[in-house]
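**Student:** Next come the chains, spelled out residue by residue.
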Amino acid sequence: MMQHRSKRWIFWLWLLVALALLAAGSALFIGPSGIPFKKIFQVLWNRQGGIEDQIIWGIRLPRLLLGFAIGGSLSLAGVILQGMFRNPLVEPYTLGISGGAAVGVSLSILLGLYHVSILTMPLAGFLGACSMILLLYGLNAKKKVLSLQGLLLTGVMINFIASSLIMLFLALSRSEDLQGIIFWIMGSLDEPNGFLIKIALGASLLFLFVTYFFHSDLNALALGEEEALHLGVPVERTKRLLFIITSLLVGVSVAVAGMIGFVGLVVPHFMRRIVGHDHRILLVASFLAGGVFLVFCDTLARTVIAPLELPVGVITGILGGSLFVWVLTRERGGKV
Amino acid sequence: MKLRAWLIFCAVILACSFAWAAEKGVIPERIVSLSPVITEELFLLGAGDRVVGRTHYCTKPREAQKIEEVGNVLEVSVEKIVALRPDLVLAGSMTSPKAKEKLKRLGLRVEEFPSASDFNGICDSFFKLGRIIGKEKEAETMVKIARSKVDALRSQVRDGNRPAVFLQVGVDPLVTMTHGSFLNDLIEFSGGVNVARDAGSRIYSREKVIADDPDIIIISGMGSDGEKANEKEKKIWQGYRNLKAVKNSTIYVVDSDLYCAPTPLTFVNALENIIRLLHPHDAA
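These protein sequence lines map, in sequence, to chains A and B. Residue 7 is where the first sequence starts when you use the working numbering, and the numbers rise one by one after that. Residue 650 is where the second sequence starts when you use the working numbering, and the numbers rise one by one after that.
Keep in mind the hints are simulated off the structure, nothing from the lab. A quick note: this is a predicted structure, and the numbers were derived from the prediction, not measured. Beta carbons: idealized from backbone N, C-alpha and C, even for Gly. Accuracy of the hints is not assured; some may be wrong.
As the list claims (entries may be wrong) - Straight-line Cα separation of at most 25 Å, DSS-like style, residue types lysine-lysine; simulated pairs:
{"no.": "1", "chain 1": "B", "residue 1": "Lys-896", "chain 2": "B", "residue 2": "Lys-877"}
{"no.": "2", "chain 1": "B", "residue 1": "Lys-749", "chain 2": "A", "residue 2": "Lys-204"}
{"no.": "3", "chain 1": "B", "residue 1": "Lys-753", "chain 2": "A", "residue 2": "Lys-204"}
{"no.": "4", "chain 1": "B", "residue 1": "Lys-896", "chain 2": "B", "residue 2": "Lys-884"}
{"no.": "5", "chain 1": "B", "residue 1": "Lys-883", "chain 2": "B", "residue 2": "Lys-896"}
{"no.": "6", "chain 1": "B", "residue 1": "Lys-798", "chain 2": "B", "residue 2": "Lys-709"}
Said to hold, decoys possible - Between beta-carbon pairs, the in silico distance windows are:
{"no.": "7", "chain 1": "B", "residue 1": "Ala-801", "chain 2": "A", "residue 2": "Phe-166", "range": "51 to 59 Å"}
{"no.": "8", "chain 1": "B", "residue 1": "Lys-877", "chain 2": "A", "residue 2": "Arg-246", "range": "53 to 61 Å"}
{"no.": "9", "chain 1": "A", "residue 1": "Val-310", "chain 2": "B", "residue 2": "Ala-801", "range": "47 to 55 Å"}
{"no.": "10", "chain 1": "A", "residue 1": "Leu-178", "chain 2": "B", "residue 2": "Arg-734", "range": "40 to 48 Å"}
{"no.": "11", "chain 1": "A", "residue 1": "Phe-166", "chain 2": "B", "residue 2": "Ser-766", "range": "48 to 56 Å"}
{"no.": "12", "chain 1": "B", "residue 1": "Arg-734", "chain 2": "A", "residue 2": "Asn-93", "range": "51 to 59 Å"}
Given these sequences and hints, build the entire structure.
**Tutor:** This is the structure we're talking about:
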């Protein structure tokens, strides 16, 4: 039985790695400028300057890397939160952290800070996310006990407040600033700053590594807090750390790429159905699958009505959402 | 010794001439325009043949429609732009900040044109465009012509009556233009008074319009709102029977392309148009 399971896991991991390579290939080889494949191989093999080199290394590759980082981060955060809350509806944007980031970014746009440096936007987003984490934590941690129920409720409410605030900003802002805020809310992987892409990639890999130490705690928490406590899990400490880790994951992704919906909700669900509930495999599988999913969606967004580009959130929403509904209804039909 | 001095002299001359050439700038030959107004202005200045990329909405003049598209106004494909090998990218106020930054980082020359806040701004930005693409003289002449025409039109209406005008540029929500927009200039130059001049926000309330009771309502829905929406909006206003504009039937639907895409020359046309609406008896 044990043997069988690990064989299955290894199979899924290899499959996901193969899919990741496929996604990377499609992201590098397909694009609106239609460079021939042979030329792309040449450029990838040795850099030779010129326009093709610039397009592959300067535009497509950074976008691919950011796609993996953001997709991985969001679905990793989704897995952790769904496991911790034992609630399949929780996703990275539920807890109001993204709302905080959005308010931060909108304020920085409204105050005209982005004219000073474009870096103020991700910075403001991250600060917004961080202050929201502190607020949520302060509201819900009493006597060193973090109330998950309270966290969920206040998080949802704060998200509502944040979206109303953004609508207020939109109503008050000048038309140029309006564009800036809307762009940011739509989310995009077209990040100009290489440093930010490295941060996003580094953070996602680092947190994947760190959360892996929590896999058995997460498995225990899935049984319920009390049961986990009986199994010897330091429940409060684990909850606290996981809350902070996911918040930082979401904060960084939202600050760099804006709001890209559905990845953090749908991918963990799918992975749970496919590889099972054990967090030993689930964490890595979700990370990989999230990256693959977002990179595929971005390739579609770039090419489906080229040269016009769609916001990637349009594709993740439509594709992810309908795929999910289809799987759910099919399964129910099977049961009946 | 003499030879050395001569060499140094040559070097200095050479350096100076290079500096001068750099200062003057190379005239761009492959231009990507990311704003409909700028595309129109490029053609006005006779540089249409140098435009290699445009947005989906750059449809004026007709020749522009043959040029390759690189995106709509909001979302542009950075890759597509780079692939066109431009030596100049002209960004408008609606161009995504990230795309602008990315293009700059890839070593392209990006010139930004914030939206003009008044007639002077329109002229300045037109002049700036002329300077960048090496059509300084043409731009200067056209601006001069536009300015003198505007002055002439303004003096025509100087002593006329001053009707209160509500200019509606968005149908749902009700958007108007306040102080700090070239459309405000348009109303004031034509001898009208913009009832929303000092409103804090461009989103206006219907109730406020009814309280203002303007003499004239001009509807110019932008872009996708379309002609139908504007006519429907006119019907809605006509439902308020007590409005002066309804009693005198002075609610007009105008061509939004004419009003909302401000090159110096279209501004003149728009001004002529609005003067006809505001002072029908003078024109006749």
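**Student:** Between Phe-166 of chain A and Ser-766 of chain B, is the Cβ distance one that fits in 48 to 56 Å?
**Tutor:** Given a distance of about 36 Å, which is not inside 48 to 56 Å, the answer is violated.
**Student:** Mind checking the alpha carbons of Lys-798 of chain B and Lys-709 of chain B for me, to see if they're no more than 25 Å apart?
**Tutor:** Holds: Lys-798 of chain B and Lys-709 of chain B sit about 23 Å apart, inside 25 Å.
**Student:** CB of Ala-801 of chain B to CB of Phe-166 of chain A, is that within 51 to 59 Å?
**Tutor:** At roughly 56 Å between Cβ atoms, Phe-166 of chain A and Ala-801 of chain B fall inside 51 to 59 Å, so the hint holds.
**Student:** Sort out whether Lys-204 of chain A lies within 25 Å of Lys-753 of chain B, counting only the CA atoms.
**Tutor:** Holds, at about 19 Å.
**Student:** Just tell me: holds or violated, for the beta carbon distance of Leu-178 of chain A and Arg-734 of chain B against 40 to 48 Å?
**Tutor:** 41 Å, holds
**Student:** Using the C-beta atoms of Lys-877 of chain B and Arg-246 of chain A, is the stated range 53 to 61 Å upheld?
**Tutor:** 58 Å, holds
**Student:** Taking 51 to 59 Å as the hint, is the beta-carbon distance of Arg-734 of chain B and Asn-93 of chain A inside that range?
**Tutor:** The hint (51 to 59 Å, Cβ to Cβ) holds, given that Arg-734 of chain B and Asn-93 of chain A are roughly 52 Å apart.
**Student:** Regarding the pair Lys-749 of chain B and Lys-204 of chain A, is the alpha-carbon distance no greater than 25 Å?
**Tutor:** 20 Å, holds
**Student:** Is Lys-896 of chain B close enough to Lys-884 of chain B, meaning Cα to Cα at most 25 Å?
**Tutor:** 13 Å, holds
**Student:** Is Lys-896 of chain B within 25 Å of Lys-877 of chain B, Cα to Cα?
**Tutor:** Since the Cα atoms of Lys-896 of chain B and Lys-877 of chain B sit roughly 23 Å apart, the hinted pair holds (cutoff 25 Å).
**Student:** If you check the beta carbons of Val-310 of chain A and Ala-801 of chain B, does the distance land in 47 to 55 Å?
**Tutor:** Holds, since Val-310 of chain A and Ala-801 of chain B (Cβ atoms, about 52 Å apart) stay within the stated range.
**Student:** Taken at face value, is the distance from the CA of Lys-896 of chain B to the CA of Lys-883 of chain B at most 25 Å?
**Tutor:** 13 Å, holds
Hint check: a violation occurs at hint 11 only; the rest are consistent with the structure.
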